[in-house]
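Peer 1: Residue numbers (my numbering), protein chains in the order written: chain A, 1 to 261; chain B, 1001 to 1319.
Fair warning: there could be bad hints in the mix.
Stated by the list, open to error - Some chain A residues near chain B, calculated using beta-carbon distances under 8 angstroms:
id, residue
1, Gln120
2, Gly160
3, Gln221
4, Glu226
5, Leu228
6, Lys229
7, Lys238
I should point out that these hints are in silico values taken from the structure, not numbers from a laboratory. Cβ coordinates follow ideal geometry from the N, Cα and C atoms, glycine included.
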Amino acid sequence: MKILTTIKKVVDVELNINVENGAIIEDGLQYVMNAWDENAVETAVQLKEKNKAETTLVNIGSGDDNTKIIRKGFAMGIDNAIQIDDPALENSDPSIYARIIQKVYENGEYDLIITGKQAQDTDSGQTGIILAEFLGLPCVSNIIDIEAVGDQHIKVSRLGDAGTEILELELPAVVTVSDGINEPRLPAMRGIMMAKKKKINVMDLAGLGTSWEELGGGSPQSEITEFLKSETRQAGQKFEGDAAEITAKVVDLLANEAKVI
Amino acid sequence: MTKILVIADIKDGVLKGSTKELLSKAKAIGAETAVAAIGSNIESLSADLANAGSDTQYIADDADLELFTAGPFASCVVDAAKLFEADLIWFGFSETGKAVAPRVAAKIDAACASDITDIEIDGGQITITRPAIANKVMQKIKINTKQLVAVVRAGAFEADPGISGSENVVKLSAPEPDLKAVIKEVVSDASGEIDLGDADIVISVGRGTKDQAGIDLVKGLADDLGAGFGSSRAMVDAGLLAQNKQVGQTGKIVAPNLYMAMGISGAIQHLAGMTGSKTILAVNKDPEAPIFNVADYGIVGDLFEVVPILREEIKKIKG
Ligand SMILES: Cc1cc2nc3c(=O)[nH]c(=O)nc-3n(C[C@H](O)[C@H](O)[C@H](O)COP(=O)(O)OP(=O)(O)OC[C@H]3O[C@@H](n4cnc5c(N)ncnc54)[C@H](O)[C@@H]3O)c2cc1C
Chain A
1 MKILTTIKKV
11 VDVELNINVE
21 NGAIIEDGLQ
31 YVMNAWDENA
41 VETAVQLKEK
51 NKAETTLVNI
61 GSGDDNTKII
71 RKGFAMGIDN
81 AIQIDDPALE
91 NSDPSIYARI
101 IQKVYENGEY
111 DLIITGKQAQ
121 DTDSGQTGII
131 LAEFLGLPCV
141 SNIIDIEAVG
151 DQHIKVSRLG
161 DAGTEILELE
171 LPAVVTVSDG
181 INEPRLPAMR
191 GIMMAKKKKI
201 NVMDLAGLGT
211 SWEELGGGSP
221 QSEITEFLKS
231 ETRQAGQKFE
241 GDAAEITAKV
251 VDLLANEAKV
261 I
Chain B
1001 MTKILVIADI
1011 KDGVLKGSTK
1021 ELLSKAKAIG
1031 AETAVAAIGS
1041 NIESLSADLA
1051 NAGSDTQYIA
1061 DDADLELFTA
1071 GPFASCVVDA
1081 AKLFEADLIW
1091 FGFSETGKAV
1101 APRVAAKIDA
1111 ACASDITDIE
1121 IDGGQITITR
1131 PAIANKVMQK
1141 IKINTKQLVA
1151 VVRAGAFEAD
1161 PGISGSENVV
1171 KLSAPEPDLK
1181 AVIKEVVSDA
1191 SGEIDLGDAD
1201 IVISVGRGTK
1211 DQAGIDLVKG
1221 LADDLGAGFG
1231 SSRAMVDAGL
1241 LAQNKQVGQT
1251 GKIVAPNLYM
1261 AMGISGAIQH
1271 LAGMTGSKTI
1281 LAVNKDPEAP
1291 IFNVADYGIV
1301 GDLFEVVPIL
1311 REEIKKIKG
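Work out the full structure: start from the sequences and follow the hints.
Peer 2: Next comes the structure, spelled out in structure tokens:
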């Protein structure tokens, strides 16, 4: 089985993020691998361990932070890495990313594409699903379990509205993974050392066999025009002291001030 | 006039409140409204669909639609959108919406926006507002396509009890089954439980509730109040509660009248799922726990001591 996973660099959401004049203040931000992509990498590596697979990751971007997350993917057990680095790709929308991964897929004859269910910076959750639609491949999103069934099929569990949905997919297929699927491994020292030596296959859009125009880059479907501060809630009243007393007080407030019970 | 197609949120044969919320917003911005209802044995819902504020009801009712699969569901939506000539296609916040919206967008070559909290339409130009980065910022996004497919964040729009619609049913033909993604079964671990999305009160437990005994203690309170029962990820990871209980960025987004966080620290991923609640009560023994930064009422204390008192005091009030 040939598996392709996607990894994206995202801002570390644990740090403070400030907005000024409609833009995010970049100073002091740090970048990490999207948490759900870590689950995607782990899923690929576990499938490889169980079923003999060749695993490739694709990353769109440039710079040290992207190199760092690619090396992390290697250290977790990914075999090959493709990086699409082209200056035209700043601020692309989900459909353009999907078009790029479509090209990568078409150049590589993969059996399975695994993406995170969403990225922590946009929280959009569209790229994997749109990609499947472009490719005309079956797709299940938000999966929490996967297993290979012979060479041609996979069985997946998806967390849906009515419960856990169990589906069988014909390969090639696309899945997007929830964090409930696994606990991403911490790379061992040996893996980290080996990851440093591995080659990253870097290419621009021409190298990929496409162009900004062909991807629809000149006319994005949507554009972020402004960032705003979130409306944060104010801390309310906090009570400390005798449990019986303060609990009775709070129940009184819930009933008579907030009027919610 | 802008035409807005709302995809009905139906669970166990019942129309959910979010459908009316979305139709209310659609009417408030002066749009012509229609609803698409997709499922099995749902034809009897047409009056409910009209009462929720739709003037046309596109109904795909077929035994094959009993179990959800995204592909056939999406083609029904596309059919309805074409017949109605919809400008905007709105889904309520659900796993169904999240799975289907991008598919529909790709099929009709429209932009897709997830998790929107507001929308402006100014002379045909659509601009939406949505949270990003685990709710730490809001984005304004200009839509360059004529049509937009959007998933509306839970609690973003309010239902207007005054709106109504008219019954005008258009039947959709059954979609082709997806032969490459076949649904085998649905394992429900939530039957008979109060839907978190519908509940007026949601009570969630975190690692502070420790074990099954702690969970049972808090469940007693939830039962007293007829509240929905949720969880932080820590309790799901510990195998103590099912994944469908998880509230937060990866779980359910809830916006009840009252949310109680019991022994939950208030990690941003949890906050992303519940800060839309009207009133928040937090019980935590750590006075510095970040959950107190968003709570209207905070009790600093040991929940094993506080919860029984809460039950007693609430019983006194409710008689
Ligand atoms: C990609 C990603 C997605 C995530 N998505 C989600 C999500 O959707 N939902 C979610 O919840 N988390 C999510 N998380 C996890 C999140 O970061 C936190 O780890 C999690 O919310 C912590 O759960 P907790 O508050 O129950 O546990 P803890 O952080 O361990 O907090 C336990 C709290 O209980 C208090 N406590 C202990 N004993 C008592 C007692 N006897 N009485 C009162 N208080 C007590 C402690 O003071 C502490 O504040 C996600 C993380 C990542 C990386």
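Peer 1: Can you give the numbers of the hints that this structure goes against, from lowest to highest?
Peer 2: none
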